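From first to last, the protein sequence lines are chains G and X. For the first sequence, position 131 (counting from the first letter as 1) is numbered 131 according to my numbering, and the numbering increases by one without interruption. For the second sequence, position 331 (counting from the first letter as 1) is numbered 331 according to my numbering, and the numbering increases by one without interruption.
FYI, nobody ran anything at the bench for these hints, they're computed from the structure. Remember, predicted model here, so these are calculated numbers, not experimental data. It cannot be assumed that every hint is accurate.
[To be verified] Estimated spans, in silico, between C-beta atoms of each pair:
(1) X:Glu136 / G:Thr188: 56 to 62 Å
(2) X:His394 / G:Pro194: 30 to 36 Å
(3) G:Arg72 / X:Arg211: 32 to 38 Å
(4) G:Asp142 / X:Arg437: 31 to 37 Å
Each residue gets a CB set at the ideal place from its N, CA and C atoms; glycine is no exception.
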Amino acid sequence: MSLSQAARDRIVNEFIPRYPSKRAALMPSLWLAQEEAGWLGTEVFEEVGELLDLHATDVASVASFYVMFHRRKIGDRLIEVCENPSCFLNGSDQTHARICDRLGLDAGHGGHGMQTTPDGKFSVRPTECLAACDYAPVVQVDLRFYGPVHEADVDAFLANMEAFSIQGKPSVSMANGPQAVPVEGWETHAPPAPGSAA
Amino acid sequence: MTQTPPAADASIQHGAGQPLPWEPVLMTAVGRDGGRFLSDFLLRGGYQGLTKAVREMDPDSVIKEVTDSKLLGRGGAGFPTGVKWGGTKRNPGPRHLVVNADESEPGTYGNRYAIDADPHGLIEGMLVCCFAVGIEQAYIYIRGENLYGAEVLENAIKEAYAAGYIGKNILGKEGFNVDISVTRGAGAYVCGEETALMESLEGRRAQPRIRPPFPIEVGGGLFGRPTVVNNVETLMCVPHIVVRGAAWFASIGAPACPGPKLYTISGHVNRPGVYELPMGTTLYDLIYKYAGGMKRNQKVKAVSPGALACQLLPGTDLNVQMDTATLTRPPHWHPPFGPVGFGAGGIIVYGEETDIVQVVARAAGFFARESCGKCVPCREGTHWMQDVLGRIAHGHGRPRDLGILEDVTRNIGGRKTLCALGDFSVNSVASALRLFRPEFEAYCNGHARSTAAGSGVPVAAG
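Produce the entire structure from the sequences given, and follow the hints as far as they go.
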């Protein structure tokens with residue numbers, strides 16, 4: 001695997017002129033390289049480095065900082081389940097476990113690593129907050145967001161992910177527009193405010 | 001047809017006295033067909049702020065207007081935006097603008113919806129800033145996970161270039177040139193820290209810089225130039241300030257830090273989501289009036305007012321006003337760790353069924369994984385917290401572990417680290433220890449809760 005001519009052209013003609021220093025084109029260049037190959041290998045580090053006047057080890061050290069740059073081959077589809085508190089409170093651990101179970105992976109393997117199915121079709125790993133907590137538990141598949149995917153939804157989700165897509169959807173609270181509207185009858189359901197009103 | 005924001009309403013007050021309905025200022029695009037496109041933005045009064053600034057005002061009066069509005073940065077630090085702009089302008093050009101759209105704080109997600117719904121609202125705010133401060137190069141740094149948002153922004157930038165809002169001699173103003181581009185991160189929480197973000201934008205590992213020099217100074221900013229780093233929501237407020245005036249803005253909500261605020265609320269509430277309300281809305285109103293109360297009618301056990309980087313508020317403290325000024329002053333101040341903090345307004349609500357030890361163990365794991373590794377207290381300490389809390393959460397805690405935890409938190413927190421990530425990594429842990437110590441003790445004495453009832457969360461989770 002090496003960079004296509006089209007990718008090289010884009011790096012030289014689009015990314016490098018965008019910034020006052022060549023090095024700054026590194027992030028978009030690495031993204032582009034990963035889009036082409038699915039992951040980033042030593043060859044790519046050398047090739048990108050040549051275009052940006054950087055040593056390959058320098059490129060590799062930057063790539064290794066960011067969890068979204070893969071330095072080995074991963075499955076065709078990458079499934080990431082948020083495990084931060086908002087999703088955790090809504091059962092994301094169970095979602096993660098069920099997804100792993102359905103794909104024949106061991107959810108309880110511990111650690112924070114990525115697991116890939118033997119046929120190379122799926123990789124699964126827990127991830128940090130995806131900033132869609134109103135749709136918790138949230139699952140990210142190949143940089144697209146889906147939710148809420150509860151444990152009981154996993155089979156339906158794996159069969160038809162698009163049904164769970166939240167890309168471009170407004171927030172749960174904004175189904176009827178941008179106005180923050182009090183819940184009807186909230187006073188009767190809510191416990192009295194502690195102390196006197198502020 | 002046009003949905004220009006309503007005129008100033010002198011009767012608007014903060015908290016429970018807020019008259020309804022509150023007219024949203026920032027999220028007017030939601031629910032409109034094609035709200036994210038330029039054509040709809042113009043129908044909503046878009047680019048009027050920029051036009052007014054360019055045609056009727058001079059750069060210094062724009063900065064004065066923003067300063068007078070008392071707009072505080074919405075990213076978490078709460079620095080006065082006008083002061084930052086003025087400070088940057090005092091330093092020689094070329095200067096840069098960086099938009100921090102690396103929203104990664106667990107529980108915070110207002111920026112994502114704001115960008116999705118109204119990318120031109122952000123671009124207009126950026127252009128007003130560029131006009132006021134004298135900037136020709138502006139960069140949006142958006143977190144890598146939010147590919148959709150990056151695409152929405154790229155498309156909006158193309159539209160704005162084609163229509164002449166970005167480019168050379170904008171709106172016919174000789175010499176007002178701005179270029180805007182989008183750079184995607186690749187999964188690093190620390191990039192939300194402004195100097196780490198700039199390192200990443202420059203193509204390096206995202207490790208925070210030593211200050212001074214500060215970003216607004218020569219040598220401290222992006223590519224060594226004086227740089228304004230602003231949050232998405234902050235910049236989206238700016239065109240409205242220009243159009244309707246500083247006095248209007250300053251009259252909304254909490255007097256010390258006024259304006260509309262995109263509160264995001266999640267966790268054990270029935271209707272999580274983004275709520276645009278005046279700064280200073282009470283936690284009680286947010287949870288019960290707007291977010292539909294608690295799941296399964298449970299009581300509130302605790303709240304993270306600004307997500308994991310803030311200290312926990314006890315469930316008895318619901319009358320607190322949710323704003324930067326209130327949550328950074330006594331009595332919301334707990335030495336040696338400092339203020340509870342408001343962050344970017346990402347509220348996580350924990351019901352009484354929550355096993356707080358598990359939550360805190362998770363928070364510690366998060367900060368350990370996201371520590372950049374540059375300075376010692378954070379690099380070593382966050383992992384130490386993770387190890388000890390992991391041990392406790394798995395039921396292998398020892399009584400002396402709580403002392404170790406306290407010791408570690410005191411040696412990371414309290415301004416001992418280069419950036420706020422380290423400083424704030426202890427906030428959840430230290431405050432949970434203060435508020436819920438018996439639960440930790442139970443774990444350490446072999447009496448861990450068998451499950452966090454109702455949420456179905458097993459003890460060994462994680």
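The hints, checked one at a time:
1. Between glutamate 136 (chain X) and threonine 188 (chain G) the C-beta distance comes to about 57 Å, which sits within the given range of 56 to 62 Å.
2. At roughly 35 Å, the beta-carbon separation of histidine 394 (chain X) and proline 194 (chain G) lies within the given 30 to 36 Å, and the hint holds.
3. Our hint of 32 to 38 Å for arginine 72 (chain G) and arginine 211 (chain X) holds, since their Cβ atoms are close to 37 Å apart.
4. Aspartate 142 (chain G) and arginine 437 (chain X) have their C-beta atoms about 44 Å apart, which leaves the hinted 31 to 37 Å range violated.
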